[in-house]
Structure formats: C-alpha cells, structure tokens
Amino acid sequence: MKFMQRTKAKVAKEADDEQSRALYSNELSGMVLNGNSNYIIEPSYSICEGLIEGRLSFRGMNPELERLLELEQAEKAGNARPEQPKEVTDKEMAESYYANNAPTVSRTMSKKFSTKNEFNKRKSSEGPKWKKKAQFKKPRQDDDNVQV
Amino acid sequence: MATKVTIVMPGERVTAVEDVAKGKRVILGPGLRRVDDKVVASKAGPLRHKEPNTFWVDSYQRRYVPARGDLVIGIIRARAGDLYRVDIGAADTASISYLAFEAATKKNRPDLNPGDLLYARVLNANADIEPELVCVNSNGKRGKLGMLQDGFFFKCSLNLGRLLLRENCPALTALTDELPFEIAVGVNGRIWVKAHSMRETVGLSNAIMALEQAGYTEIDQICSNLGDVLQA
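As they're listed, the protein sequences go chains A and B.
Heads up, the first sequence is in the UniProt record's numbering, so the first residue is 1 and it goes up one at a time.
Heads up, the second sequence is in the UniProt record's numbering, so the first residue is 1 and it goes up one at a time.
In isolation and in its complexed conformation, chain A is listed as follows (with noise of 0.2 Å):
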C-alpha cells in the first residue's frame, strides 16, 4: 500500500536524522547549530583591501593591454555605459516593423484562436488563392499594323 510505504520512509528518515544527530552532536558547537553569526570569513588579501589587478601597462609599453585598461577605466568612471543616440527613434522603429508586416508570429497565434467563420473571412478578403497564372499572350494582328 502507498500510504504504508510512505510512513515506513518517513520513520526511517527520523531515525536516520537522529542517528547523524547523536554522531555528530559532540562536534558541533552551540554557535555552529544556531547559525547566525556576524562574521564572515575572507581569505583574500585582494577583497579585503581592494587590491586593484596587476597587470599593468604605462606610456604605451604595450597598447593592446592599455586599450583594455582605458576601456575598464572608462566603466568604472561612469558606472553605467554612456547610452548610445538612437539613429532611430522608437516611433519610425515601430512604423516600419509593422510595416513590414513583420508579426507574422503574433497572426500565427491568434489564427489558432480564431472562429472557423473569422478563418474565411480573413482567406476571402486576401484576395483569390488561385491567381491566373501570367503567360504569354499573343499580339494581335492589328497592333503590328499600327507601328509599320
């Protein structure tokens, strides 16, 4: 039976949680257990006093490393990156993509919503499905008559 196997697993975890209790009870302290300490441990000389990285370049001894140094400069300078200008604006942006008729993906979706009635109507007002196929059409005698 479920129900039994499920208490069967409850008391043997129990028993389990006590033995590792009772193995391990004269190792853990009282701190240790309550947990909330207000100290944190920090093995890194570099965290603690902020050391900066050591890889350094000056007066164009080496450009490559010293472009990267500006650059981390430059972030640290003005925390957030400087916004770049739009070359266009969110209007002309939202114009052209529906113009583009670019949500396809939204009409995929909402064809699967629709009502077979909707369905028809949309396919009708697209215009016929079969074209007529543009072929050549042969001239008509007068037409030749009328350039000569």
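Quick caveat, the hints were computed from the structure, so don't treat them as lab data.
All of these numbers come straight from a predicted model, not from anything done at the bench.
Just to be clear, a hint being listed does not mean it is correct.
[Claimed, not checked] Computed footprint of chain A on chain B, listed as stretches where at least three residues anywhere in the stretch have a Cβ under 8 Å from a Cβ of chain A:
#1 20-31
#2 62-70
#3 162-168
#4 177-187
[Claimed, not checked] 30 Å max Cα-Cα, derived DSSO-like pairs, lysine-lysine:
#5 A:LYS76 x B:LYS141
#6 A:LYS2 x A:LYS13
#7 B:LYS155 x B:LYS141
#8 B:LYS50 x B:LYS22
#9 B:LYS43 x B:LYS22
#10 B:LYS50 x A:LYS76
#11 A:LYS111 x A:LYS86
#12 A:LYS132 x A:LYS116
#13 B:LYS38 x B:LYS24
#14 B:LYS4 x B:LYS24
#15 A:LYS86 x B:LYS141
#16 B:LYS38 x A:LYS76
For every residue, glycine included, the Cβ atom is placed at its ideal position computed from N, Cα and C.
Based on the hints, put chain B in the right spot on chain A.
Just chain B now, kept in the frame of chain A:
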C-alpha cells in the same frame, strides 16, 4: 583608524573587532579567525581596518596562501596529462587545465613549456586539494591573463606585491614618470617587469625592490628617490 596602529600577535584576542561585530556584520580577513564568539589573531602584524567593516592582519610573509579570485604569477613546472603543474609559491603546486586558455580546444593546445611564466587567476583554493588556476574570464576571454613573454621576473614579499596593488599607488606613478614599462604583479609576491632595454628593466626591478622595507608612511619619500635608484 589610520593614525593609531595596533599590533596583534597570534593567539591574542582582538576586542576591537568584537565591539564592531556587536552592531553589524564584520568581514574577517586573513590573520583573524573566529573562536566561538571571540575573535583571535592568527598572524602577527598591524591590524588593518577598511570602512565599513573589514578587518585583517597585514603580516609580513613570503609564503603565499592561495585564496579564490587572487591574481598570481606562476611558473610552469611540468606537464601532467591534460594539466600543467604551476608553481605559485604556495605549499603545493597549482594545476591549470590546458583548456583554461582562450580559444584552446582538445586539438588546439596552448604552447607552454616548463619555465614559462603565467599570469593567472586562482579558481579554486582549498586547504585539502591543490589550487586550480585559469587564464580566461567567465566569458572565455583572455583579458589581461595569459603568458608573460620576455621581461624580467623576481620574487618579493607578499606585502610588497600588495603595496604596489593598492589603488593610487605612488610608486607606480613615480616610476611612470621615469620610463615606459609594463608590469605584472601577483599577490603571491612575484613580480614581472618589462621595459624597452635590459638596462631599464633591471633598473626598474631594483627600484621596486627598494620599496621592500617601505611602510605606508615613508613610501612617498622613497618614491621621490626612485629616479636615483633607476640611474644607479
């Protein structure tokens, strides 16, 4: 705090930290450890404090203890399967996978030989397992890490390395006024310098080593004389 420097000895209880810890969370740096609810120093040296709540002991030592995130200079010692053994001045050699370089693949291994110098980040530092290094950042880019070619390499105390790495270090500014150079300082007390000529490089390393005994206070005065050391 900067005016009065307290020297602590190993085993000494540091009540100054405990007082702060009553009010807020406190970060205990190297040299301080917590014993139950007491804070005890485990190294000898001046107790340093950084606002708002960081404390550490600035002890003089030459043996590097790896810590996660540190930038170190290592020497390739050997090649072991898909790892390189790197000497970073710690108790154990560190390892770096050949895949921990920019654009490295199983087919395209980095060309490193014993004796080469690496500027790398400590990825993994634990007392029980050997430290692990990487030469790429989390985006897989090299950044400033990687092999150090040419130049001159020397060892110093960990304190000197840290002294140079403090923000707005007057020593580096003073040296920049003298000559163009490139430098890599590892927090493991290893420094690599490179200037245009051999003579300049050696002068540079001498100038840096002259700072070995400098404290926080006399550094400005020594820096003003660095030009003389370079000429000598």
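Now the hints, each set against the structure:
1. 20-31: holds (count 9)
2. 62-70: holds (count 5)
3. 162-168: This one holds; 5 residues, not fewer than the three required, reach chain A with a Cβ under 8 Å.
4. 177-187: Held - the region 177-187 of chain B has 9 residues with a Cβ nearer than 8 Å to chain A, which meets the minimum of three.
5. A:LYS76 x B:LYS141: holds, 20 Å
6. A:LYS2 x A:LYS13: Between LYS2 of chain A and LYS13 of chain A the Cα gap is close to 17 Å, so the pair holds against 30 Å.
7. B:LYS155 x B:LYS141: holds, 28 Å
8. B:LYS50 x B:LYS22: holds, 17 Å
9. B:LYS43 x B:LYS22: Holds, at about 23 Å.
10. B:LYS50 x A:LYS76: holds, 20 Å
11. A:LYS111 x A:LYS86: violated, 35 Å
12. A:LYS132 x A:LYS116: holds, 27 Å
13. B:LYS38 x B:LYS24: At roughly 15 Å apart (the allowed maximum being 30 Å), LYS24 of chain B and LYS38 of chain B satisfy the hint.
14. B:LYS4 x B:LYS24: holds, 22 Å
15. A:LYS86 x B:LYS141: holds, 29 Å
16. B:LYS38 x A:LYS76: violated, 38 Å
Violated hints, in rising order: 11 and 16; the structure is consistent with all others.
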